[in-house]
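Produce the entire structure from the sequences given, and follow the hints as far as they go.
Chains C and S are the protein sequences, given in the same order. At position 42 of the first sequence the residue is numbered 42 (this note's numbering), and the sequence of numbers has no breaks. At position 194 of the second sequence the residue is numbered 194 (this note's numbering), and the sequence of numbers has no breaks.
Hint data in this document are derived by calculation from the structure and do not stem from the laboratory. Predicted, not measured: the structure shown is a model, and the values here were computed from it. Some clues are possibly wrong.
[Claimed, not checked] Capping the alpha-carbon separation at 27 Å, the derived lysine-lysine pairs in DSSO-like fashion look like this:
#1 29(C) / 194(S)
#2 39(C) / 194(S)
#3 114(S) / 29(C)
#4 194(S) / 16(C)
#5 39(C) / 198(S)
#6 189(S) / 60(C)
#7 16(C) / 158(S)
#8 39(C) / 29(C)
#9 39(C) / 106(S)
#10 65(C) / 172(S)
[Unchecked claim] Here are some of the chain S residues that sit facing chain C, going by a computed Cβ distance under 10 Å:
#11 161
#12 196
#13 200
In this text, a Cβ means the ideal position worked out from N, Cα and C, and glycines have one as well.
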Amino acid sequence: MPLASIIAALGPFLLKEFESLGALIVSSKSPAEAIARAKRNLEMDAMDAATDAMLDEALKRLHPK
Amino acid sequence: MSLFAILQASLTTPGVIGLFALIAFVAVYLIRKKWGPQWERLAAYVPALNFDLTPGTVILSKFVQALPSVLIAAALGAVSSGASLGPTLLAALAGLLAPLGHEFAKAVPFIPYKGETGEAKLPGAPKLPTGLMALMIAVSMWGCAGTQIKDPCSAADKAEIQREYAIAFTEKCFSFDSAASCPYTNDLKAERAKSEEKCR
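Laid out in structure tokens, this is it:
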């Protein structure tokens, strides 16, 4: 795959990820704080995903096709 | 086979870009440290672009600042590839990463690098005795030893955010057959994300 198409495909995703990671690192006072915040973000994301999946499943059971 | 091709075969293209960016960064760093005042004088020849801070002038000024590392990396690319155009352009692009690293390292509070140029040495500048410095470091580390990073959100806070989201979602989306088909899902998620800001 040519480099240009890889950059075109992954560019926006990587930019977004780097932007949020960069913002997290820059706004932290120490590496320990940056790691702790990154860990918390992952936990919150996992919790959100679990809630979303549970509610989606509930709607599907409520309205079986 | 050129040196560039050998490097590319052993490190892959991103590896070579990283290597050239690192070399350009170190070269510019050493030049700025060693000949700081001369570097500043040279930089002063560049037309003043800081009369306003519109994105255009900031980008232009950063572009001018990036030129030395781009030129250094491009020269490396040209020399190692026998003046092939492709590797030279790739190396020039790698040179652009060096000022990016410089800006990033400057912005991160816990990286001691501040990107200053070296200053002219003043004669007879007093030096702190090594023993006293070690004592000061030891005392400051003692003060930090008990510092712990606390989670700004308790488990109950996090559960409460999810509970509120679940109630709002159920109220608005119960008549739809999936979360994806409910038109309120995105708004509700945005509201939840706002509530979660304090926890992140």
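> Given the hinted pair residue 114(S) and residue 29(C), is their alpha-carbon gap at most 27 Å?
Replying inline: 15 Å, holds
> For the pair supplied as a hint, residue 16(C) and residue 158(S), is the alpha-carbon distance within the 27 Å limit?
Replying inline: Holds, at roughly 25 Å.
> Is it true that the CA of residue 65(C) sits at most 27 Å from the CA of residue 172(S)?
Replying inline: Measuring from Cα to Cα gives roughly 20 Å; hence the hint holds.
>> Can you confirm whether the C-alpha distance between residue 29(C) and residue 194(S) stays at or below 27 Å?
In response: The given pair, whose Cα atoms are some 23 Å apart, holds under the 27 Å limit.
> Given the hinted pair residue 194(S) and residue 16(C), is their alpha-carbon gap at most 27 Å?
Replying inline: 18 Å, holds
> Taking 10 Å as the limit, does the beta-carbon of residue 161(S) come near enough to a beta-carbon in chain C?
Replying inline: 8 Å, holds
>> Can you verify the interface hint for residue 200(S): is its Cβ closer than 10 Å to any Cβ in chain C?
In response: Nearest chain C Cβ about 5 Å off; hint holds.
> Is the hinted pair residue 189(S) and residue 60(C) satisfied, with a Cα-Cα distance of at most 27 Å?
Replying inline: Holds - the C-alpha atoms of residue 60(C) and residue 189(S) are around 19 Å apart, at most 27 Å.
> residue 39(C) and residue 29(C): Cα distance at most 27 Å?
Replying inline: Holds - the C-alpha atoms of residue 29(C) and residue 39(C) are around 16 Å apart, at most 27 Å.
> Taking only the CA atoms, is the gap from residue 39(C) to residue 106(S) under or equal to 27 Å?
Replying inline: Holds, at roughly 24 Å.
>> Quick check on residue 196(S) please, does its C-beta sit within 10 Å of some C-beta on chain C?
In response: Holds - the Cβ of residue 196(S) comes within 10 Å of chain C, reaching about 6 Å at its closest.
>> Next pair to validate is residue 39(C) with residue 198(S); report whether the Cα-Cα distance is within 27 Å.
In response: At roughly 14 Å apart (the allowed maximum being 27 Å), residue 198(S) and residue 39(C) satisfy the hint.
Of the hints listed earlier, there is not a single one the structure fails to meet.
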